[in-house]
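Student: Sequence:
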Amino acid sequence: MVARRIVLPGSNGAVLAHFRAPIRFAFAYGSAVFPQKSYSPAHPPPVRDFVFAVSHPGHWHSINLHQNPVHYSLPARLIGSPAIAWLQDHAPGAGLWFNLRATVNQTVIKYGVVSIDTLCNDLLDWNTLYLSGRMHKPIDILRDHPRVRLAQQVNFVSALRTALLLLPETFVERELYRTIAGLSYIGDFRMRWAENPHKVNNIVAGQAELFRSIYHPLIIALSSHVNIQHLSSHSPHHTFTQDVSPRARAELLAKLPIRLRERIRTVYDRRWNLQSAFPSATNLPLSTSDEIDILTKMAADRDFQPTLRDALVDIVARPALFQSLKGIVSAGPVKSVSYAAQKVLKRFTASS
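Heads up: the sequence shown runs through residues 1 to 352, numbered per this note's numbering.
Where hints are given, some of them may not hold.
Said to hold, decoys possible - Cβ pair distances, simulated, as ranges:
(1) Ile-258 - Leu-321: 21 to 27 Å
(2) Ser-62 - Ala-17: 33 to 39 Å
(3) Ala-91 - Leu-150: 24 to 30 Å
(4) Pro-306 - Gln-67: 46 to 52 Å
Note that these hints are calculated values from the structure, not bench results.
We put the beta carbon where it would ideally sit given N, CA and C, even for glycine.
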């Protein structure tokens, strides 16, 4: 007998059940779902954050506009669902449409709508790291989808490989999780102006066991490949060592998401004139000795880690900025300014 999930009034499941438009995959995230270290019951409850992945955004917004017109700004209601879907998918940003400060079952929520294709592509390729980065961290999956679940496993492993390349030979478990949690914030302008500067530390401190449940099995699975070993297995802060030889790092580099690899390769193409030395280098399969030599040389470069960070900035910065600008249209100027002001206030009143 399969146990049914009980949907309580005001719960995340009840919020999802409110929407009549078909949702293929849904998750809740953020401090309202997983309290962070700095959360205080004395503070007003944070807005609950949701993402809904749908098959046909135009059809979805058409249904939702009829059911929940007040969730949309006046400009959005005027342009209608076809234009909303076009802006969601084709305007600069991360391929989402956000409705801010919508009230569902007396609960204030923010929800983003994304096509399931856009979501899966970001999980696999890191086109923007906007959603894939959020999904590096614990989330509450409210409606699952097999295609997304498979892509999410790839996303987890990609995050682990990237973090290992950014970490030294010896590191503690919390340091690994902080590195993973921070990947999608590298280059995000909001971390400078509109987010708690201790956000990454607070996320990991409040959710360490959840991070462990996600990544510890992957560490074990990857250990024979990259030679990660426990140095102090009985410590609450496990210490690991990894093989940082150029060849081992090249193997990690070879399996990074394609957009990240492309940006790293572009830097070294310019720096070392690789296309002149290896005219077809960007198209060589991994099994060729030339490709292995190139990756090993990159991994051995003393500037490799800064180059990797710059590549992450290049992926994250533009979509994060334009997605926020898109919010002025999707939520309207009043809600957008109010939301941004609260974020800024939260940043400057944060003590830890």
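Student: For every hint, state whether the structure bears it out.
Tutor: Structure-based check of each hint:
1. Ile-258 - Leu-321: 21 to 27 Å: 22 Å Cβ-Cβ, so the 21 to 27 Å window holds.
2. Ser-62 - Ala-17: 33 to 39 Å: violated (20 Å)
3. Ala-91 - Leu-150: 24 to 30 Å: Since the Cβ atoms of Ala-91 and Leu-150 sit about 28 Å apart, the hinted range of 24 to 30 Å holds.
4. Pro-306 - Gln-67: 46 to 52 Å: holds (49 Å)
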